[in-house]
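Novice: Its first residue numbered 1, the sequence shown is counted upward by one per residue in the working numbering.
Wrong hints could be hidden among the right ones.
Unchecked claim - Here are the computed distance ranges between Cβ atoms for each label pair:
1) LEU284 with ALA73: 22 to 28 Å
2) ARG480 with ILE232: 27 to 33 Å
3) ILE423 with ILE277: 43 to 49 Å
4) PHE403 with ARG480: 52 to 58 Å
5) ALA18 with ASP481: 18 to 24 Å
To be verified - Listed below are the simulated DSBU-like cross-link pairs for lysine-lysine, each with C-alpha atoms no more than 35 Å apart in a straight line:
6) LYS24 with LYS123
7) LYS205 with LYS123
8) LYS166 with LYS117
9) LYS412 with LYS336
10) LYS123 with LYS69
11) LYS168 with LYS205
12) LYS189 with LYS69
13) LYS563 with LYS514
14) LYS339 with LYS212
15) LYS469 with LYS516
FYI, nobody ran anything at the bench for these hints, they're computed from the structure. None of the values given here were measured: they were computed from a predicted structure. Just so it is clear, CB atoms sit at the ideal spot from N, CA and C, and this is done for glycine as well.
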Amino acid sequence: MKFFSSRLSRIIWLTILAGVIFSKFVWLDRFPAGMAHDEAIYLANGVSYMTNGSDLSGYSFPLSLFRTKTEGAISFVPTYIYGIYSLLTPLTPFSTRLLLTLVNLMTAYILFLFTKKIFNNTKLATTSALLFLINPWSYFLARWAVDTPWALLFSLASFHFLIRAKTKSYFVLSSVFFILAFFSYQGAKIILLPFMLIIAVYKFKQDGQVAKKITVWSTLLVTMFVISYFAIDSMLPGDRLTGRKNDIVIFRQDDIAHTVDAIRRNSIEFPYSHILINKPSVMLETVAKKYFSVFSPEVLFFSGDTRATYRYEDHGLFFVIDSVFIFVGAFALFRKRRKIFYLLTSLLLVSPLTTALGAVDTSQVNRSFLALPIMTMFVAYGINYAFGVKNRSFQKAAAVLIFLLYLISYVKFLHFYYFQLPISQQENYFLTDKIISRYIDFTDPDRSIYVVTNTPRSSFCGYALYTNKLENLASPDTARDSFSLDSRVIFSANCPTFNDSSTYIIIAGSDCHKDKKQDNAILDHKDAGTLYNIYNDATCNKNDAMYRRFHLLDDYDLDSLDKTRFCESWIHAPKI
1 MKFFSSRLSR
11 IIWLTILAGV
21 IFSKFVWLDR
31 FPAGMAHDEA
41 IYLANGVSYM
51 TNGSDLSGYS
61 FPLSLFRTKT
71 EGAISFVPTY
81 IYGIYSLLTP
91 LTPFSTRLLL
101 TLVNLMTAYI
111 LFLFTKKIFN
121 NTKLATTSAL
131 LFLINPWSYF
141 LARWAVDTPW
151 ALLFSLASFH
161 FLIRAKTKSY
171 FVLSSVFFIL
181 AFFSYQGAKI
191 ILLPFMLIIA
201 VYKFKQDGQV
211 AKKITVWSTL
221 LVTMFVISYF
231 AIDSMLPGDR
241 LTGRKNDIVI
251 FRQDDIAHTV
261 DAIRRNSIEF
271 PYSHILINKP
281 SVMLETVAKK
291 YFSVFSPEVL
301 FFSGDTRATY
311 RYEDHGLFFV
321 IDSVFIFVGA
331 FALFRKRRKI
341 FYLLTSLLLV
351 SPLTTALGAV
361 DTSQVNRSFL
371 ALPIMTMFVA
381 YGINYAFGVK
391 NRSFQKAAAV
401 LIFLLYLISY
411 VKFLHFYYFQ
421 LPISQQENYF
431 LTDKIISRYI
441 DFTDPDRSIY
451 VVTNTPRSSF
461 CGYALYTNKL
471 ENLASPDTAR
481 DSFSLDSRVI
491 FSANCPTFND
501 SSTYIIIAGS
511 DCHKDKKQDN
521 AILDHKDAGT
531 LYNIYNDATC
541 NKNDAMYRRF
551 HLLDDYDLDS
561 LDKTRFCESW
571 IHAPKI
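Work the whole structure out from these sequences, hints included.
Specialist: Now the structure itself:
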């Protein structure tokens with residue numbers, strides 16, 4: 001009977017795992033509905049490495065480890081991986097998300113190994129991996145073709161091999177993955193070393209003499225690597241990290257001074273205002289506000305990232321039920337496994353540093369990426385603790401209840417992700433770039449098209465991505481404000497001369513040719529607001545409807561739509 005119960009348990013776990021893994025591959029070709037500018041930039045630079053030997057700003061390896069003028073200051077490792085991947089298959093939304101989904105599965109497996117090593121509990125490790133796979137934050141990263149998914153994978157691998165290190169081979173593997181993580185995401189450079197030091201201290205207290213020596217040497221060498229990197233970076237000519245140091249709040253003294261002046265101007269005169277309102281106090285308040293935003297219930301359980309580009313708006317980065325088990329897990333760990341509690345709590349408290357020190361916007365989903373696996377481990381331990389009660393009837397009831405709550409939460413999230421998010425946050429992934437690219441496909445090849453936008457370089461890379469022309473990109477100078485592959489389709493920030501033989505797709509709010517009459521428009525389907533106006537439309541007939549009431553799954557498979565269906569679904573009357 002015992003064997004049967006164990007066997008049945010494995011079957012249930014494997015069935016659940018198979019179902020979750022299958023759900024990760026659903027509709028990779030159409031959801032998210034588009035690809036963000038950051039994604040297009042990363043993929044374009046990957047192809048540039050393969051074709052030109054450098055990124056799009058002209059920097060090649062190894063100088064590109066320290067300098068780049070690419071938009072967003074891309075990181076070398078993910079970009080180069082995308083470039084190698086482009087040699088195997090064309091970079092499309094489907095192929096790229098397929099790669100990232102596999103990365104997400106590998107990350108879950110590394111988390112399983114890491115958790116198992118710390119707790120020496122296979123069931124708890126399995127629960128952590130499963131929770132990671134269904135987690136909304138993890139789901140975001142699984143289809144986010146930039147740097148964070150790679151940094152998370154390599155970071156966890158480095159931590160795993162460090163905590164297991166009893167021979168030099170594990171130390172070498174830990175160091176290699178640390179370097180890969182370090183060059184995978186600019187924000188990781190701030191928190192990787194503190195994470196490694198905390199894990200090294202924990203490991204040092206647990207292991208024998210041989211392992212302790214390896215831990216000390218590993219920590220020293222990794223620390224020397226980080227110090228050497230920043231030393232070399234400071235000696236090279238040009239802007240350090242392409243000026244990204246200015247994204248750190250402590251280097252934005254002018255902005256802090258302006259904030260202090262503004263607060264003092266809007267205060268009643270008081271002789272000691274300079275003591276209460278000054279740069280140190282304002283800086284500390286700013287950093288503290290950003291730091292604690294990572295632990296905000298609003299961010300974690302209801303609305304997601306505070307930055308619009310990454311925001312879910314109607315769903316948190318965790319499930320609401322997770323909030324219960326985070327606290328239960330922390331409480332149970334403190335009572336039963338205090339050393340592990342201190343380890344995980346220390347790591348969790350360090351994880352928001354990149355968010356806290358960021359001077360540009362406040363963001364959690366990327367900058368505090370290492371909080372994801374740590375919180376997941378707390379949740380897993382909380383669930384495991386619920387099964388620790390000796391009453392077998394309670395255990396069965398708890399198992400059924402927890403399973404149903406997570407099943408409902410996950411199904412509800414999938415509905416949100418596939419059926420609500422594409423409309424409610426349409427432009428998070430710049431769906432308009434994909435619509436414009438498809439519109440161009442349907443336009444007479446002899447007709448010139450001008451796309452006037454605030455982000456010509458990024459939109460141009462998106463166009464090249466959607467039309468499978470990334471390999472045709474030259475290395476554009478960042479100072480340019482007009483981009484074209486064949487002189488027929490031009491993306492520009494400037495207003496071109498108007499002629500009747502060309503089509504103009506102009507971003508809403510622009511003064512460019514506002515005296516002309518629009519034929520059609522591309523709308524935001526959330527509120528029917530105009531995103532782009534179309535002048536001299538020779539592709540789609542005039543559509544008098546300003547709003548499309550019904551949205552169908554097939555509408556988002558833009559590559560399969562014929563011209564008539566495309567125009568009916570995505571091209572509408574301009575808002576007057």
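Novice: Give a verdict on every hint.
Specialist: Structure-based check of each hint:
1. LEU284 with ALA73: 22 to 28 Å: Since the Cβ atoms of LEU284 and ALA73 sit about 27 Å apart, the hinted range of 22 to 28 Å holds.
2. ARG480 with ILE232: 27 to 33 Å: For ILE232 against ARG480, whose Cβ atoms are near 30 Å apart, the range 27 to 33 Å holds.
3. ILE423 with ILE277: 43 to 49 Å: holds (44 Å)
4. PHE403 with ARG480: 52 to 58 Å: With Cβ atoms ~56 Å apart, the hint holds.
5. ALA18 with ASP481: 18 to 24 Å: 50 Å Cβ-Cβ, so the 18 to 24 Å window is violated.
6. LYS24 with LYS123: holds (22 Å)
7. LYS205 with LYS123: Holds, at roughly 25 Å.
8. LYS166 with LYS117: Status holds; Cα separation ~13 Å.
9. LYS412 with LYS336: holds (34 Å)
10. LYS123 with LYS69: With a Cα-Cα distance of about 47 Å, the restraint between LYS123 and LYS69 is violated, given a limit of 35 Å.
11. LYS168 with LYS205: Holds - the C-alpha atoms of LYS205 and LYS168 are around 19 Å apart, at most 35 Å.
12. LYS189 with LYS69: holds (19 Å)
13. LYS563 with LYS514: holds (27 Å)
14. LYS339 with LYS212: holds (17 Å)
15. LYS469 with LYS516: OK: LYS469 and LYS516 at ~32 Å, within 35 Å.
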